[in-house]
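Asks: Guided by the hints, dock chain B onto chain A, whose structure is given.
Number of protein chains: 2
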Amino acid sequence: MNDVRMRGFAERTSVEDAVAWVDRQAAWIVPEVVPLSEARGRVLAEPVVSRIDVPTYPRAMMDGYAVRAADTMGAGDYDPLPLRIVGTSLPAAPANVTVGEGEAVRIMTGAPMPEGADAVLPVEQTQPGSSTDSVLVLAAVARGRHIGQVGEDIRRGREVLTRGRVLRPQDLGVLSSIGLSEVSVIGAPRVAILVTGNEVLPAGSKPADYRIADANGPMLSALVERDHGCVTDCRYVPDDPDAIAEALRADADIILVSGGSSVGEEDHTPQLVRKLGMLAVHGIAMRPSSPAGMGTIGHRQVFLLPGNPVSCLCAYDFFAGRLIRQRAGHRADWPYRQQQLPLAEKLSSAIGRTDYARVRIQNGQVIPLAIRGASILTSTTRADGFVIVPEASEGFAEGTPVTVYRYDA
Amino acid sequence: MNDVRMRGFAERTSVEDAVAWVDRQAAWIVPEVVPLSEARGRVLAEPVVSRIDVPTYPRAMMDGYAVRAADTMGAGDYDPLPLRIVGTSLPAAPANVTVGEGEAVRIMTGAPMPEGADAVLPVEQTQPGSSTDSVLVLAAVARGRHIGQVGEDIRRGREVLTRGRVLRPQDLGVLSSIGLSEVSVIGAPRVAILVTGNEVLPAGSKPADYRIADANGPMLSALVERDHGCVTDCRYVPDDPDAIAEALRADADIILVSGGSSVGEEDHTPQLVRKLGMLAVHGIAMRPSSPAGMGTIGHRQVFLLPGNPVSCLCAYDFFAGRLIRQRAGHRADWPYRQQQLPLAEKLSSAIGRTDYARVRIQNGQVIPLAIRGASILTSTTRADGFVIVPEASEGFAEGTPVTVYRYDA
Numbered sequence: 001m002n003d004v005r006m007r008g009f010a011e012r013t014s015v016e017d018a019v020a021w022v023d024r025q026a027a028w029i030v031p032e033v034v035p036l037s038e039a040r041g042r043v044l045a046e047p048v049v050s051r052i053d054v055p056t057y058p059r060a061m062m063d064g065y066a067v068r069a070a071d072t073m074g075a076g077d078y079d080p081l082p083l084r085i086v087g088t089s090l091p092a093a094p095a096n097v098t099v100g101e102g103e104a105v106r107i108m109t110g111a112p113m114p115e116g117a118d119a120v121l122p123v124e125q126t127q128p129g130s131s132t133d134s135v136l137v138l139a140a141v142a143r144g145r146h147i148g149q150v151g152e153d154i155r156r157g158r159e160v161l162t163r164g165r166v167l168r169p170q171d172l173g174v175l176s177s178i179g180l181s182e183v184s185v186i187g188a189p190r191v192a193i194l195v196t197g198n199e200v201l202p203a204g205s206k207p208a209d210y211r212i213a214d215a216n217g218p219m220l221s222a223l224v225e226r227d228h229g230c231v232t233d234c235r236y237v238p239d240d241p242d243a244i245a246e247a248l249r250a251d252a253d254i255i256l257v258s259g260g261s262s263v264g265e266e267d268h269t270p271q272l273v274r275k276l277g278m279l280a281v282h283g284i285a286m287r288p289s290s291p292a293g294m295g296t297i298g299h300r301q302v303f304l305l306p307g308n309p310v311s312c313l314c315a316y317d318f319f320a321g322r323l324i325r326q327r328a329g330h331r332a333d334w335p336y337r338q339q340q341l342p343l344a345e346k347l348s349s350a351i352g353r354t355d356y357a358r359v360r361i362q363n364g365q366v367i368p369l370a371i372r373g374a375s376i377l378t379s380t381t382r383a384d385g386f387v388i389v390p391e392a393s394e395g396f397a398e399g400t401p402v403t404v405y406r407y408d409a
Numbered sequence: 001m002n003d004v005r006m007r008g009f010a011e012r013t014s015v016e017d018a019v020a021w022v023d024r025q026a027a028w029i030v031p032e033v034v035p036l037s038e039a040r041g042r043v044l045a046e047p048v049v050s051r052i053d054v055p056t057y058p059r060a061m062m063d064g065y066a067v068r069a070a071d072t073m074g075a076g077d078y079d080p081l082p083l084r085i086v087g088t089s090l091p092a093a094p095a096n097v098t099v100g101e102g103e104a105v106r107i108m109t110g111a112p113m114p115e116g117a118d119a120v121l122p123v124e125q126t127q128p129g130s131s132t133d134s135v136l137v138l139a140a141v142a143r144g145r146h147i148g149q150v151g152e153d154i155r156r157g158r159e160v161l162t163r164g165r166v167l168r169p170q171d172l173g174v175l176s177s178i179g180l181s182e183v184s185v186i187g188a189p190r191v192a193i194l195v196t197g198n199e200v201l202p203a204g205s206k207p208a209d210y211r212i213a214d215a216n217g218p219m220l221s222a223l224v225e226r227d228h229g230c231v232t233d234c235r236y237v238p239d240d241p242d243a244i245a246e247a248l249r250a251d252a253d254i255i256l257v258s259g260g261s262s263v264g265e266e267d268h269t270p271q272l273v274r275k276l277g278m279l280a281v282h283g284i285a286m287r288p289s290s291p292a293g294m295g296t297i298g299h300r301q302v303f304l305l306p307g308n309p310v311s312c313l314c315a316y317d318f319f320a321g322r323l324i325r326q327r328a329g330h331r332a333d334w335p336y337r338q339q340q341l342p343l344a345e346k347l348s349s350a351i352g353r354t355d356y357a358r359v360r361i362q363n364g365q366v367i368p369l370a371i372r373g374a375s376i377l378t379s380t381t382r383a384d385g386f387v388i389v390p391e392a393s394e395g396f397a398e399g400t401p402v403t404v405y406r407y408d409a
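In order, the protein sequence lines correspond to chains A and B.
Take the first sequence: its position 403, counting from 1, is numbered 403 in the working numbering, and each next residue is one higher.
Take the second sequence: its position 50, counting from 1, is numbered 50 in the working numbering, and each next residue is one higher.
The following block holds chain A by itself, in its conformation from the complex:
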């Protein structure tokens, strides 16, 4: 962290209060209709009610013969009863006959039941009869047996999936089977990313002439995508108030600004947000990321993320990601797998400040990486995850079990 740049923060907002502000912005985006092929992981904006019965027709659940159950009464291995075969019912090719007394229709799994029949006799409970159009029944079958009844799986008018459901692969199967080709889901929040800094070259550039290649644009784009947002724009903006003001007019639901978030001479964005809208939070009692901020311009939420990549990741994770996930209809919680493990060495913090401490896991123990050095980009890639030291804590002693939020899941 850069302590100098902090001088201007009269007081810092607690992480808790900043999170509370985020959660107050978390109303769902308007729904959008997407084809099933794009619906995996999206969140249902309204309940789905089936307009059809599944099955839509009574169908055989076994290969065998559609029969009148009464005709099989008394049949047995030593007392085979003959039936006359009057047709064949295949999937999508029903037998256009009515099964009368003493009659049967050859039927395949999934094929429509013919009129008159009220049970399916499995083929293994039969024997060929004396001629090609006869079959011997070797066992009695009960009425209704081996028939998939209309609406047995899904009944017309039934709520199949509830509002807020995160759609799974099998849900898409069910939606398709009730005749839907698209579905109404919560719209993905549209996120614009502005990377400021005269020294920052666009991602994909080779660093040269005292300029550095941008790390935050690609990182933030991937984070937004992970959190179910849609990156509509990733733009590089010079440290110039007019250029930044223009970029803050982006057509988006949420704007992430990387760099220039503090109180230095070249930190224009906080003042611009104050001028164009409302700067709700500026300066947060945390490490790293204390020179972060957030506010609104019109309907848009704007997050001011420090340019240092570690701080940028931390501020995104605590605040921006939380809003994006919620506005996409997902849970606010971090999408990281949690693991409880003991600390290999002590982890120090300061009361009054929340720490986001990158850690490694080795031999089942948690090793804190240097908590300083927000500009050390590779500390986020060397880390297996992070541990939070809450505001009221001075840290944890060696051996204390802590919760690690793992980056790899």
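Quick caveat, the hints were computed from the structure, so don't treat them as lab data.
What you are looking at is a predicted structure, and each value in this text was computed from that prediction instead of being measured.
One or more hints might be untrue.
Because identical chains share one entry, a pair is satisfied inside a single copy or across any pair of copies.
What the hints assert, rightly or not - Here are the simulated SDA-like cross-link-like pairs (lysine to any residue), alpha carbons at most 20 Å apart as the crow flies:
(1) Lys-206 / Gln-149
(2) Lys-275 / Ala-245
(3) Lys-346 / Arg-360
(4) Lys-206 / Glu-182
(5) Lys-206 / Arg-156
(6) Lys-346 / Gly-399
(7) Lys-206 / Gly-179
(8) Lys-206 / Ser-37
(9) Lys-206 / Ile-147
(10) Lys-206 / Val-49
(11) Lys-346 / Gln-365
(12) Lys-346 / Asn-363
(13) Lys-206 / Ala-93
(14) Lys-206 / Ala-69
Replies: What follows is chain B alone, placed relative to chain A:
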């Protein structure tokens, strides 16, 4: 399950042996180069070695003054030492001066260090001097202090990320910062999906005329996508050997065939795979999905998945998904979150058969759903996950803690 259709299976392969066959096919696909914007979650095909130092130039880590440390010796609040300001260094705009004895250069965080200076004195340890071009030093600063040294973050020639790394958002930041715009990742296996069955209407159709709308195509597409495969084709094929044979020539790495996997009259695919290639497994000692199979045609792996949606999901999860994940460079394991919970009631199975039992979780207990009814599509959407009953087990008594694989994660 449909017992009749099982008659033709002389013997069934164990799940273990079928999984072993899958794992033998699991060589990585050839690498492909993708832009960073598409690299999240992909797996590095080769280690990434940095061709540059980060930082590429020594830079200030604080706002303040670039000085010669020796000039600050002995300075203190009551003994301020004056320095003459000879220039300003901003990010991407270095001061073109050399700092001599008694001189300082105003510098911002991230700006290049001027020649001659060997430390940064933070602005808070200074006071304005007697004129605009002078500053008073209030504290001594050590040599090298507050300077980001060349290669301090990443040293040229160093391996930054290892082969097999699943790329995280922050990894993309690091790759970008070393000047890369694209990266070599393990190619996504190209998967063709063939849905057979004369009664099956393409996904998106309204069920009509004794035909049903396909559930498996959309479900399998979403599963393949989840498992890092790329669906190149999802095609509907009638129950006709020539049409199926033609479709099995799909230009793909892996072919999934839904339906017609068993030994009935209309089950053409197993014979076709045997004829065109090698049918390695057909009939598996499991429930559901026992009429599943797998083999190869040329370089392609072919999975025969039962048409019943529940069986289809189960066979995909056990076998096809496992291969797709591995060929994409990912772990073979299920991507489902595991949870240990007690059974609310007994869960029966049979020795010699592996069961994939869908369950619900209620009040912290596991409630098995009907293990029968592979055609009951909604049993997979009502289920919160599944429990595996191994081949050697008759099931579990009420109260036994079991591992639930949760569909929602």
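Asks: Taking the hints in turn, state whether each one holds.
Replies: Here is how each hint holds up against the structure:
1. With identical chains, the CA atoms of Lys-206 and Gln-149 are at most 20 Å apart between copies only, with a shortest distance of 19 Å across copies and 66 Å within one.
2. Taking the shortest alpha-carbon separations for Lys-275 and Ala-245, only the intra-copy value of 10 Å comes in at or below 20 Å, while the best inter-copy value is 68 Å.
3. In the homo-oligomer, the alpha carbons of Lys-346 and Arg-360 lie at most 20 Å apart inside one protomer (13 Å), although the nearest pairing across protomers, at 42 Å, exceeds that limit.
4. Proximity of Lys-206 and Glu-182 under a CA criterion of 20 Å is satisfied inter-copy only: 12 Å between copies versus 44 Å inside one chain copy.
5. For the identical chains of this complex, Lys-206 and Arg-156 are inter-copy neighbours only, at 14 Å across copies versus 60 Å inside a copy, given an alpha-carbon limit of 20 Å.
6. Only within a single protomer do Lys-346 and Gly-399 lie at most 20 Å apart by alpha-carbon distance; the minimum there is 8 Å, versus 40 Å between protomers.
7. Proximity of Lys-206 and Gly-179 under a CA criterion of 20 Å is satisfied inter-copy only: 4 Å between copies versus 52 Å inside one chain copy.
8. Only between protomers do Lys-206 and Ser-37 lie at most 20 Å apart by alpha-carbon distance; the minimum there is 17 Å, versus 38 Å within a single protomer.
9. Neither within a single protomer nor between protomers do Lys-206 and Ile-147 lie at most 20 Å apart by alpha-carbon distance, with minima of 68 Å and 22 Å respectively.
10. Taking CA atoms no more than 20 Å apart as the test, Lys-206 paired with Val-49 passes between copies only; the shortest distance there is 15 Å, against 54 Å inside one copy.
11. In this assembly of identical chains, the alpha carbons of Lys-346 and Gln-365 lie at most 20 Å apart only when taken from the same copy (12 Å versus 38 Å across copies).
12. In this assembly of identical chains, the alpha carbons of Lys-346 and Asn-363 lie at most 20 Å apart only when taken from the same copy (16 Å versus 38 Å across copies).
13. Taking the shortest alpha-carbon separations for Lys-206 and Ala-93, only the inter-copy value of 18 Å comes in at or below 20 Å, while the best intra-copy value is 65 Å.
14. In this assembly of identical chains, the alpha carbons of Lys-206 and Ala-69 never lie at most 20 Å apart, being 80 Å within a copy and 33 Å across copies at closest.
Consistency note: the structure conflicts with the earlier hints numbered 9, 14.
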